[in-house]
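Engineer: Take my numbering: the last position of the sequence shown gets the number 415, and nothing is skipped along the way.
It is worth saying that the hints were derived from the structure and are not from the lab. Be aware that one or more of the hints could be misleading.
Derived DSS-like pairs: lysine-lysine, alpha-carbon spacing no greater than 25 Å straight-line [stated by the list, open to error]:
#1 193 x 183
#2 413 x 339
#3 223 x 183
#4 223 x 193
#5 339 x 414
Pairwise CB distance ranges (calculated) [as the list claims (entries may be wrong)]:
#6 281 x 209: 28 to 38 Å
#7 81 x 189: 21 to 31 Å
#8 90 x 357: 50 to 60 Å
#9 370 x 140: 38 to 48 Å
#10 50 x 399: 15 to 25 Å
#11 279 x 189: 19 to 29 Å
#12 321 x 209: 19 to 29 Å
#13 335 x 288: 48 to 58 Å
#14 35 x 288: 14 to 24 Å
#15 248 x 86: 34 to 44 Å
Small disclaimer: the values here were computed from a predicted structure and weren't measured. Cβ coordinates follow ideal geometry from the N, Cα and C atoms, glycine included.
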Amino acid sequence: MTLIQTLRAEARAAPESGIVAVVNHGRLREGLIPLWAGEGDLPTPSFISDAAARGLAAGETFYTWQKGIPELRQALARYYARHFGKRFAEEEFIVTASGMHAIQLAIDAIVGSGDEVIYLSPAWPNFAAAAGVAGAVPVAVVLDQSGNGWSCDVDKIASAITPRTKALFINTPSNPTGWTADRETLQAILDLARAKNLWIIADEIYALFHYGHGRAPSFLDVATGEDRILFVNSFSKNWAMTGWRVGWIKTHPALQQVFENLIQYSTSGVAQFMQRGAVAALDEGDGFIVSQVERARAARDLVCDILGATGKARFTVPKGAFYLFFTVDGITDSRTAAFDIVDNANVGLAPGTAFGPGGEAFLRLCFHRRLDQLEEAAHRLAKWMKKV
28 MTLIQTLRAE ARAAPESGIV AVVNHGRLRE GLIPLWAGEG DLPTPSFISD AAARGLAAGE
88 TFYTWQKGIP ELRQALARYY ARHFGKRFAE EEFIVTASGM HAIQLAIDAI VGSGDEVIYL
148 SPAWPNFAAA AGVAGAVPVA VVLDQSGNGW SCDVDKIASA ITPRTKALFI NTPSNPTGWT
208 ADRETLQAIL DLARAKNLWI IADEIYALFH YGHGRAPSFL DVATGEDRIL FVNSFSKNWA
268 MTGWRVGWIK THPALQQVFE NLIQYSTSGV AQFMQRGAVA ALDEGDGFIV SQVERARAAR
328 DLVCDILGAT GKARFTVPKG AFYLFFTVDG ITDSRTAAFD IVDNANVGLA PGTAFGPGGE
388 AFLRLCFHRR LDQLEEAAHR LAKWMKKV
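Could you build all of it, start to finish, from the sequences and the hints given here?
Structural biologist: Structure, rendered in structure tokens:
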């Protein structure tokens with residue numbers, strides 16, 4: 028028996044990220060324009076980093092509240108009051124070591140070996156992989172695509188439910204498709220979850236990156252306080268804090284001790300000085316978010332115009348998040364195409380094969396970057412398309 032064979036089967040089966048594989052291939056290429064990762068190109072603004080630096084200088088380097096400092100949980104309550112029109116107690120928030128950590132804790136709390144959890148695909152790959160590592164079975168329900176864009180058929184979700192199903196993972200606005208559920212779809216999904224006694228893990232990290240009027244619809248618009256919903260979120264996207272690894276869970280206050288215990292046995296809490304930066308992000312960052320969204324809107328329109336003019340790129344203009352998920356006429360293997368684009372166009376894209384069923388022919392482009400760089404990247408891609 029080899030050393031690796033002594034590990035848990037679930038750990039051995041954890042897939043290599045199809046995104047990271049392309050990143051590793053092209054990371055050090057001179058002049059490459061990296062549009063493969065889900066982040067913008069702006070560093071964390073100074074009003075956030077300065078607040079963290081003050082906490083660090085003040086000696087906030089000891090063990091702290093495992094569920095999050097009271098000031099941060101209170102700031103989260105204020106954030107939800109402003110943006111969602113809902114008032115929550117600080118006991119409804121748990122601070123986590125990233126949005127990914129929030130998802131892992133939600134999985135740990137709900138599903139175990141042999142349980143099934145349904146998710147909408149194409150999807151950010153980390154959720155399905157994390158469920159698999161936990162011993163659960165991720166079940167993909169593929170979003171529908173037509174000339175009217177991406178949509179969710181709730182009847183397909185219902186058909187995928189079995190006696191082993193414990194939860195639904197719903198990401199809207201969606202990474203990578205940009206699909207954004209309307210209120211009626213959210214209500215139908217919630218009604219289904221209620222009827223089947225299922226949990227919903229709601230990933231609404233891109234709720235404010237919405238190109239309609241105001242934020243995207245949320246399960247908070249249709250749910251009651253007693254519904255089985257765990258909201259997982261992160262500071263990464265709204266406030267340019269991807270490297271900070273700070274997130275949160277919004278849950279029923281009766282579950283606070285359970286999640287505090289899970290944090291104790293995973294990370295034992297987020298550094299207090301980092302939480303000071305997160306407080307500043309919430310309380311002082313609304314204007315920064317507005318500027319981020321408007322910048323992303325302009326970038327989206329620029330990329331769509333240039334790639335659309337080729338006549339070879341096929342896509343739906345995304346309603347939310349900051350990704351263009353597109354196909355190219357004649358390309359069916361997006362993984363091979365992504366490597367070729369690195370080699371011959373010097374642009375980094377994520378292959379749709381990384382996003383599960385329904386994504387195989389697509390490429391994902393993160394357009395949350397400055398316009399001159401995006402324009403150059405789009406022209407390089409247009410030139411590449413002419414040769415395939």
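Engineer: Hints broken by the structure, by number, lowest first?
Structural biologist: Per hint list: single violation, 7.
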